[in-house]
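Student: One line per chain: the protein sequences are A and B, in this order. Per the UniProt record's numbering, the first sequence starts with residue 1, numbered consecutively. Per the UniProt record's numbering, the second sequence starts with residue 1, numbered consecutively.
If you are wondering where the hints come from, they were derived from the structure by calculation, not from laboratory data. For glycine and all other residues, C-beta sits at the position ideal for the given N, C-alpha and C. Hints are not guaranteed to be accurate.
[Unchecked claim] Straight-line Cα separation of at most 27 Å, DSSO-like style, residue types lysine-lysine; simulated pairs:
1) K41(B) to K68(B)
2) K29(B) to K41(B)
3) K65(A) to K29(B)
4) K29(B) to K16(A)
5) K78(B) to K65(A)
6) K78(B) to K31(B)
7) K68(B) to K126(A)
8) K29(B) to K71(B)
9) K29(B) to K87(B)
10) K16(A) to K71(B)
[As the list claims (entries may be wrong)] What the simulated footprint calls covered on chain A by chain B, stretch by stretch (three residues with Cβ under 8 Å from a Cβ of chain B suffice, anywhere in the stretch; the number is not a length):
11) 62-71
12) 128-141
[Said to hold, decoys possible] A few chain B residues that face chain A, going by a derived Cβ cut-off under 10 Å, partial list only:
13) T17
14) A19
15) E21
16) Y25
17) P28
18) Y54
19) V64
20) I92
21) L95
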Amino acid sequence: MSNKASDFIEMTVPAKTDYVGVVRLTISGIANRMGFAFDEIEDIKIAVSEACTNVVNHAYTDSEKGQIRIGCGVYENRLEIMVVDHGKSFDYDDVNKSLGPVEGKSVEQLNEGGLGLFLIESLMDKVEISGEAGVIVMMTKYLHRDEVEENVDRTSPAPTQ
Amino acid sequence: MNLQISHEETNGVHYLTLAGEVDAYTAPKLKEMLVPLTEEKNAQIVIDLANIDYMDSTGLGIFVGALKSTKKNDGTLKLRGMTERVKRLFEITGLTEVMDIDNEVKGEAR
Numbered sequence: 001m002s003n004k005a006s007d008f009i010e011m012t013v014p015a016k017t018d019y020v021g022v023v024r025l026t027i028s029g030i031a032n033r034m035g036f037a038f039d040e041i042e043d044i045k046i047a048v049s050e051a052c053t054n055v056v057n058h059a060y061t062d063s064e065k066g067q068i069r070i071g072c073g074v075y076e077n078r079l080e081i082m083v084v085d086h087g088k089s090f091d092y093d094d095v096n097k098s099l100g101p102v103e104g105k106s107v108e109q110l111n112e113g114g115l116g117l118f119l120i121e122s123l124m125d126k127v128e129i130s131g132e133a134g135v136i137v138m139m140t141k142y143l144h145r146d147e148v149e150e151n152v153d154r155t156s157p158a159p160t161q
Numbered sequence: 001m002n003l004q005i006s007h008e009e010t011n012g013v014h015y016l017t018l019a020g021e022v023d024a025y026t027a028p029k030l031k032e033m034l035v036p037l038t039e040e041k042n043a044q045i046v047i048d049l050a051n052i053d054y055m056d057s058t059g060l061g062i063f064v065g066a067l068k069s070t071k072k073n074d075g076t077l078k079l080r081g082m083t084e085r086v087k088r089l090f091e092i093t094g095l096t097e098v099m100d101i102d103n104e105v106k107g108e109a110r
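Extracted from the complex, chain A is given alone in its bound form:
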């Protein structure tokens, strides 16, 4: 399979909740074009929103006017989405320990936050998180073409030149 993205889409939006839905709709349009199934598109929408919401809630202090950068690599067999900020980074291992499904916790022990990263990891096929100055979340969803009905509206991959 090709390792070169046939198309790359990039956008930068202010790190405000107002724009999380805008990013979600854009990515949903791209995934739809690529021929993802309805449920897969919904998964991608949630994962992207979670990543953007994390940036809005955690990356910047109130006085900073931060931005969210989103990059989308459209491949023949997959969609790669990168969500990047330039705010504070965090200790991933540390955060990861506190994540996970509810499993056996009592209502009092439940945390209102912390489900976002867990959902991203559950809904996408591959997730990598890195970053020293800020955080980069890189997530991949594979197209399972053989299981998907041929969609008339789907664009064929652009020929590589």
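Go by the hints and put chain B onto chain A.
Tutor: Quick look at chain B alone, frame taken from chain A:
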């Protein structure tokens, strides 16, 4: 902006019907409506999610917070009418174990 909330009170039970999207943008509106109800003593709250088109962990967080608050005040919180998509989120996160969920009553029954 993309979340509609209607609130009715019948025989002391608060019925909230949500329609649209619950995300980081619409969350404050839902919280503003829901939190004061959960702080009432012995409140009984039923939330209908049949017309939710989109929800993410922000919404789950609100319901977890609301559940804690109702328990603290000896009230009850019930969610109903979830679509398959929304139900899946509760299942993945394990929240089906702790929340009172009744999906038998579908959205049509009003």
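Student: So which of the earlier hints does this model not fit?
Tutor: Structure breaks hints 5, 7, 10, 11, 12, 13 and 14.
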